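> Top to bottom, those sequences are chains A and B.
Here the numbering used here is used: position 232 in the first sequence is 232, and no number is missing along the way.
Here the numbering used here is used: position 141 in the second sequence is 487, and no number is missing along the way.
There could be a bad hint or two in this list.
Simulated coverage check for chain A against chain B, where a stretch passes if three residues somewhere in it have a Cβ under 8 angstroms from a Cβ of chain B [as the list claims (entries may be wrong)]:
id, stretch
1, 86-94
2, 155-164
3, 255-266
From the derived model, a few chain A residues whose C-beta atoms are all more than 12 angstroms from chain B [what the hints assert, rightly or not]:
id, residue
4, 41
5, 80
6, 181
7, 295
8, 316
Keep in mind that the hints were calculated from the coordinates and are not lab data.
Being a predicted model, the structure only gives us computed values, none of them experimental.
For each residue, glycine too, the CB sits at the ideal point set by N, CA and C.
Number of protein chains: 2
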Amino acid sequence: MTIQQVATEAGVSPSTVSNLLNGRNHRMLPETRQRIERAIDKLGYRPNRAARQLRTGRNTTIGLVVPSVGNPFWGALARHLESAALAEGYHVLLCNSERDPRRERDYVDELWADGVHGVVLCSSLPSLEHVMPLVERGLQLVAFDRTSQAGDPASLVSISVDNAIGSQLATQHLTDLGHRRLAFVSGALASVNRKERYRGFTAGLEQAGIDPETSVRAPVKGDADDFGDVEASELGRAAAAELLALEEPPTGIVAINDMCALGVCRGLRDGGLEVGKDVSVVGFDDIVLADLYAPTLTTVRQPMQEMAAAAFTQLRSRLDDSGPTQGQSLLFRPELIVRESTAPPS
Amino acid sequence: MTIQQVATEAGVSPSTVSNLLNGRNHRMLPETRQRIERAIDKLGYRPNRAARQLRTGRNTTIGLVVPSVGNPFWGALARHLESAALAEGYHVLLCNSERDPRRERDYVDELWADGVHGVVLCSSLPSLEHVMPLVERGLQLVAFDRTSQAGDPASLVSISVDNAIGSQLATQHLTDLGHRRLAFVSGALASVNRKERYRGFTAGLEQAGIDPETSVRAPVKGDADDFGDVEASELGRAAAAELLALEEPPTGIVAINDMCALGVCRGLRDGGLEVGKDVSVVGFDDIVLADLYAPTLTTVRQPMQEMAAAAFTQLRSRLDDSGPTQGQSLLFRPELIVRESTAPPS
DNA sequence: AGTCACTGGTGCATCGATGCACCAGTGAAG
DNA sequence: CTTCACTGGTGCATCGATGCACCAGTGACT
Numbered sequence: 001m002t003i004q005q006v007a008t009e010a011g012v013s014p015s016t017v018s019n020l021l022n023g024r025n026h027r028m029l030p031e032t033r034q035r036i037e038r039a040i041d042k043l044g045y046r047p048n049r050a051a052r053q054l055r056t057g058r059n060t061t062i063g064l065v066v067p068s069v070g071n072p073f074w075g076a077l078a079r080h081l082e083s084a085a086l087a088e089g090y091h092v093l094l095c096n097s098e099r100d101p102r103r104e105r106d107y108v109d110e111l112w113a114d115g116v117h118g119v120v121l122c123s124s125l126p127s128l129e130h131v132m133p134l135v136e137r138g139l140q141l142v143a144f145d146r147t148s149q150a151g152d153p154a155s156l157v158s159i160s161v162d163n164a165i166g167s168q169l170a171t172q173h174l175t176d177l178g179h180r181r182l183a184f185v186s187g188a189l190a191s192v193n194r195k196e197r198y199r200g201f202t203a204g205l206e207q208a209g210i211d212p213e214t215s216v217r218a219p220v221k222g223d224a225d226d227f228g229d230v231e232a233s234e235l236g237r238a239a240a241a242e243l244l245a246l247e248e249p250p251t252g253i254v255a256i257n258d259m260c261a262l263g264v265c266r267g268l269r270d271g272g273l274e275v276g277k278d279v280s281v282v283g284f285d286d287i288v289l290a291d292l293y294a295p296t297l298t299t300v301r302q303p304m305q306e307m308a309a310a311a312f313t314q315l316r317s318r319l320d321d322s323g324p325t326q327g328q329s330l331l332f333r334p335e336l337i338v339r340e341s342t343a344p345p346s
Numbered sequence: 347m348t349i350q351q352v353a354t355e356a357g358v359s360p361s362t363v364s365n366l367l368n369g370r371n372h373r374m375l376p377e378t379r380q381r382i383e384r385a386i387d388k389l390g391y392r393p394n395r396a397a398r399q400l401r402t403g404r405n406t407t408i409g410l411v412v413p414s415v416g417n418p419f420w421g422a423l424a425r426h427l428e429s430a431a432l433a434e435g436y437h438v439l440l441c442n443s444e445r446d447p448r449r450e451r452d453y454v455d456e457l458w459a460d461g462v463h464g465v466v467l468c469s470s471l472p473s474l475e476h477v478m479p480l481v482e483r484g485l486q487l488v489a490f491d492r493t494s495q496a497g498d499p500a501s502l503v504s505i506s507v508d509n510a511i512g513s514q515l516a517t518q519h520l521t522d523l524g525h526r527r528l529a530f531v532s533g534a535l536a537s538v539n540r541k542e543r544y545r546g547f548t549a550g551l552e553q554a555g556i557d558p559e560t561s562v563r564a565p566v567k568g569d570a571d572d573f574g575d576v577e578a579s580e581l582g583r584a585a586a587a588e589l590l591a592l593e594e595p596p597t598g599i600v601a602i603n604d605m606c607a608l609g610v611c612r613g614l615r616d617g618g619l620e621v622g623k624d625v626s627v628v629g630f631d632d633i634v635l636a637d638l639y640a641p642t643l644t645t646v647r648q649p650m651q652e653m654a655a656a657a658f659t660q661l662r663s664r665l666d667d668s669g670p671t672q673g674q675s676l677l678f679r680p681e682l683i684v685r686e687s688t689a690p691p692s
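Please model the complete structure; the sequences and the hints are all you need to start from.
Laid out in structure tokens, this is it:
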């Protein structure tokens, strides 16, 4: 099925069909238009993407670079992004960087070489310098789960949840329940997002009249760039053990993310404590597991669907030239989801 | 960077460069070859995929249709498949069917229309009739997590773990530990894979000299086509409650998959029993969560990485015309992973 | 009558890579 | 001397869609 066949069927020239297909039909007779549309239906014609891309240099594929879709958090993003893209006829090319900066960079290079002009990048790296050259040549980039920073390219769109508010909600929830001795469990506060979450934690404490200095921040080493990974859960488990060894262990724990929180729960159980009774734990992300674990996990939900949709919309409008070229930061409002892992202190 | 520029740089014609790029260099002077290769390096040339595809009708993209990458099981597949494909310069186009048969079909149609000739299909449907027309036109299909059946197209490749052996291993593990009252928890045994797993269960019982009739098969209704989903866990939870209501509840439980097993664990805990002590539970799949849950879950591992690699290899060889055109079934050997959720009966 | 704008389209070169058909030159066989 | 195979390439039409430049016809105005 080529455009030529459609044209013949409709008794017009290929150009006219092309015009209609591309919205240049202001001065086209309604009747001509109908003839073409009927021909398209009848023949089941679909434009050849390769030809179209060859000619125009554009395409309807966007790239998604995540650390690993094996991880439910990124899997959820992939699912929602693809869903949003599908609705507009776009496709998503999936790329797992496996947290390898080089692989990440190679992927973005290859996507560009393949004519992909829009990429959602979930970078493990604090700096985006490795992709700057392509951005300068016109690559549209959306950074996901990463708030914008000085030094970012001017055209960059950043999409993230408001991390400070999120963990403030979590903290407030604990203080509202009556907890006074709280701890924050995280890997090194290397990324902006993590710092923000910590800031929200201290803000929550202050609001409840608790001196942040007396609260515990579990001192945990470890790689800073893992979100939602197995390592995060091990980290949480170790942190829980440390906290339990204190003279006055905390009764409420805010974890940097859900996987970490699950690790904390496990560590507490190792220590003979019951989560949701002896100790309260709050996570962050609301991954699927949160509602499956025993006890179910109170957590701060990132509105993944909306965030993914926004990522797509932003990319799309820029690819169309219809949107702004200036970059911007989108901060989404997190939501506290109360489940079984939190309760008043015993 | 076009092939023309490379040709000019190397002092040959574009055809010659194309010949080299496509392996038609049997009778090419080594010196010519080197000149071209140097030119390619120097200019950083990469063939334009769109042009190549337009001309040849082929491309280096394969489709992956899964129910949902939000699910860790499929996420893991996506990750490994993409990894295997990447190593050969292929790309993976990700499609979430969301268990919607129509969407699944539309996706396969669209992939075909876009020139994708190879698809890994993880169908929710027992029959593949909806994609038969395309297979007849040359679409190469690999069915994943689904053993082949009568009525399948002759060219179909099926990749799956040996489900019977897997659950037999699980069952044997329990009987070896001394359990004599066992139950099998699953949704309706509608799919071949599920029947196979049940068959392995009964085989394991017989081998231990236990009459399968005396064993309990938790009677659970529900949709038959969900693997590894949230629903599966709810199903497991309900089943556990039912089992506990029996006069002589089983001491060992084999679940149809890990999510279901986690649900069972939760249901048992609801009933005041401790998993890995009062009752033993075995899952199937070895998803990431299995090692995170409390207690960690004994389960039957599907060698996902090998299976994904095989899926790609099969597709690739058929796309090249270098492989067999006859379909085949690949059954992988599962492996029992013993963790904390199983122990001798108390 | 001449100029102009406008209408509803169409012609054609073009994007970059491909691979069949072909070529000129050479040496060997008949 | 003719025929033929072989060597190491090259010329060119082609894939399908695009969109600029252009066209013929008509009516309005100066």
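> Taking the earlier hints as the rules, which of them does this structure contradict?
2, 5, 7
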